[in-house]
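Following the hints, complete the assembly by docking chain B onto the known chain Y.
Residues per chain are reported as follows:
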Amino acid sequence: MAASSRAQVLRLYRALLRESQRFSGYNYRTYAIRRIRDAFRENKNIKDSEKIEELVNKAKANLEVIRRQVTIGQLYSTQKLVIESPGNT
Amino acid sequence: MLLWRRLAGLGSGRAPRRLRTAPGQAQTQTQTQPQAEGPGPGRTGDGDGALRPLYMDVQATTPLDPRVLDSMLPYLTAYYGNPHSRTHAYGWESEAAMEKARRQVADLIGADSREIIFTSGATESNNMAIKGVARFYKSRKKHIITTQTEHKCVLDSCRSLETEGFRITYLPVKNNGLIDLKELEAAFQPDTSLVSVMTVNNEIGVKQPIHDIGEICRERKVFFHTDAAQAIGKIPMDVNDMKIDLMSISGHKIYGPKGVGALYVRRRPRVRLEPLQSGGGQERGLRSGTVPTPLAVGLGAACEVAQQEMEYDHKRVSQLAERLVTKIMSEVPDVVMNGDREHRYPGCINLSFAYVEGESLLMALKDVALSSGSACTSASLEPSYVLRAIGTDEDLAHSSIRFGIGRFTTEEEVDYTVQKCIQHVKRLREMSPLWEMVQDGIDLKSIKWTQH
Chain Y
1 MAASSRAQVL RLYRALLRES QRFSGYNYRT YAIRRIRDAF RENKNIKDSE
51 KIEELVNKAK ANLEVIRRQV TIGQLYSTQK LVIESPGNT
Chain B
90 MLLWRRLAGL GSGRAPRRLR TAPGQAQTQT QTQPQAEGPG PGRTGDGDGA
140 LRPLYMDVQA TTPLDPRVLD SMLPYLTAYY GNPHSRTHAY GWESEAAMEK
190 ARRQVADLIG ADSREIIFTS GATESNNMAI KGVARFYKSR KKHIITTQTE
240 HKCVLDSCRS LETEGFRITY LPVKNNGLID LKELEAAFQP DTSLVSVMTV
290 NNEIGVKQPI HDIGEICRER KVFFHTDAAQ AIGKIPMDVN DMKIDLMSIS
340 GHKIYGPKGV GALYVRRRPR VRLEPLQSGG GQERGLRSGT VPTPLAVGLG
390 AACEVAQQEM EYDHKRVSQL AERLVTKIMS EVPDVVMNGD REHRYPGCIN
440 LSFAYVEGES LLMALKDVAL SSGSACTSAS LEPSYVLRAI GTDEDLAHSS
490 IRFGIGRFTT EEEVDYTVQK CIQHVKRLRE MSPLWEMVQD GIDLKSIKWT
540 QH
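Residue numbers (this note's numbering), protein chains in the order written: chain Y, 1 to 89; chain B, 90 to 541.
Hints may contain errors.
Said to hold, decoys possible - If the Cβ cut is set under 10 Å, some of the chain Y residues that face chain B in the computed set are:
id: 1; residue: SER5
id: 2; residue: GLN8
id: 3; residue: LEU81
To be verified - The calculated lysine to aspartate or glutamate pairs, modelled on EDC-like cross-linking and capped at a C-alpha distance of 16 Å, are:
id: 4; chain 1: Y; residue 1: LYS58; chain 2: B; residue 2: GLU398
id: 5; chain 1: B; residue 1: LYS271; chain 2: B; residue 2: GLU304
id: 6; chain 1: Y; residue 1: LYS60; chain 2: Y; residue 2: GLU19
id: 7; chain 1: B; residue 1: LYS404; chain 2: Y; residue 2: ASP38
id: 8; chain 1: B; residue 1: LYS263; chain 2: B; residue 2: ASP429
id: 9; chain 1: B; residue 1: LYS220; chain 2: B; residue 2: GLU251
id: 10; chain 1: B; residue 1: LYS332; chain 2: B; residue 2: GLU304
id: 11; chain 1: B; residue 1: LYS404; chain 2: Y; residue 2: GLU42
id: 12; chain 1: B; residue 1: LYS534; chain 2: B; residue 2: GLU483
Stated by the list, open to error - Computed footprint of chain B on chain Y; a stretch qualifies when at least three of its residues, placed anywhere within it, have a C-beta under 8 Å from a C-beta of chain B:
id: 13; region: 27-33
id: 14; region: 65-78
Source of the hints: derived by calculation from the structure; they are not laboratory data. Glycine included, every Cβ here is placed at the ideal spot set by N, Cα and C.
Here chain Y stands alone, though its shape is the one from the complex (with noise of 0.2 Å):
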């Protein structure tokens, strides 16, 4: 695998958003979707290759996670909250 690029982090973070969407828990969809967006924000001034990768690694391990999470919650979903409309987030 090659030294993460700028390519592949950019596929990452729409992967982990594209994921985030499918939460069927409003408060868990919106919290992914800014947590993700504020921590490549904040990291994407880092120059250094280790910390990258580590940082890299992290976001993988979450999309996982992600994954896994939105799956359970659409098996268990339930009702839309009142302030859930279409249109929303």
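Chain B in isolation, oriented as in the chain Y frame:
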């Protein structure tokens, strides 16, 4: 494949589950009638439109963080061994997980993992700490100091110790909810064995001066116990920095599972406890009973996540709290925030709306899950003893609402809550004859109410 799974589920006689995806995704659903009674999966009624209220009661409990659930599931499915089984891999892997969780809890508070005892929750931890220390040293020490705003389990433990012959001093608090350090110093007696003061109050959110209390107790060689259930993972806690000897931790206040907690018991200098629960000697003999591995793992994961997210969460919660309070107070007059403005955890906001009955406001705000005091005292009709302790007027105490903001609370939820709150407060005040009188300039305290 999904259809097959759902049909297989129908065949086993369980309530059918409807697969739901986030809005915007293609919906694959079979319209089967939900069989289950009451709330739960399978009861998703698109038709009946019963939308769920927003959750703004995080002091009562918190949802599980998905990362925590993810860490627990293997131990609820494949790795089900008893961590105290010494002779096989099931036991060893379970024990390894339990010890890892112990380390994670210890890291959050700056302790050694040998100082962490898993319990069934903060109530058990509080009972263990207070009764355990008191009874161990009872031959020479018979006095305990605590405050009037402690959690019910602390106050009740003290009350039961009184029947055993101990003397308890319940320190009053100032109007801002904080204890007076001079009064604390004055309360010490030659035979004081323990001081118990909670770090963050669950009803009004005030943060006690733990550093100072720890100093005072250390000087006088008295053990210091703190109920940190609401503080852990939200504000930095260090048992050595703060000179804490015993600390109660609750799982379900930090996005961990319900039914688990921990007690930190200092080893240097050693704190001795008389165990409450007898049995096989697990947890250093202080708390016998099989440690529930999945719950302990969940608690550990919750602590680790909390440590990583503490700064981020604190910043967000502070912003949202500021937003909520500013918006409400700018729109609605005669609102009092209970508890000190400065020394508090921002995510717990207790507001009293004058001339509005708290219960009716809560009922009106049916789309938001809120509380008017702590869950453990909500069964009785009395206003909260915490509000009484800070000197709140009887009528204001009845009009208080507690707003909880947590990791998963969104700006939208805060705005919705604020909007509904303002709307209903105004409406209820319109209907209130007391409000009318106040508007006319009458001083309510000067009214002589007639007896009927």
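Hints versus structure:
no. : hint                 : in the structure
1   : SER5                 : violated, 26 Å
2   : GLN8                 : violated, 23 Å
3   : LEU81                : holds, 5 Å
4   : Y:LYS58 to B:GLU398  : holds, 14 Å
5   : B:LYS271 to B:GLU304 : holds, 13 Å
6   : Y:LYS60 to Y:GLU19   : holds, 12 Å
7   : B:LYS404 to Y:ASP38  : holds, 13 Å
8   : B:LYS263 to B:ASP429 : holds, 10 Å
9   : B:LYS220 to B:GLU251 : holds, 11 Å
10  : B:LYS332 to B:GLU304 : holds, 7 Å
11  : B:LYS404 to Y:GLU42  : holds, 14 Å
12  : B:LYS534 to B:GLU483 : holds, 12 Å
13  : 27-33                : holds (count 6)
14  : 65-78                : holds (count 11)
The structure fails to meet hints 1 and 2 from the earlier list, while all remaining hints are met.
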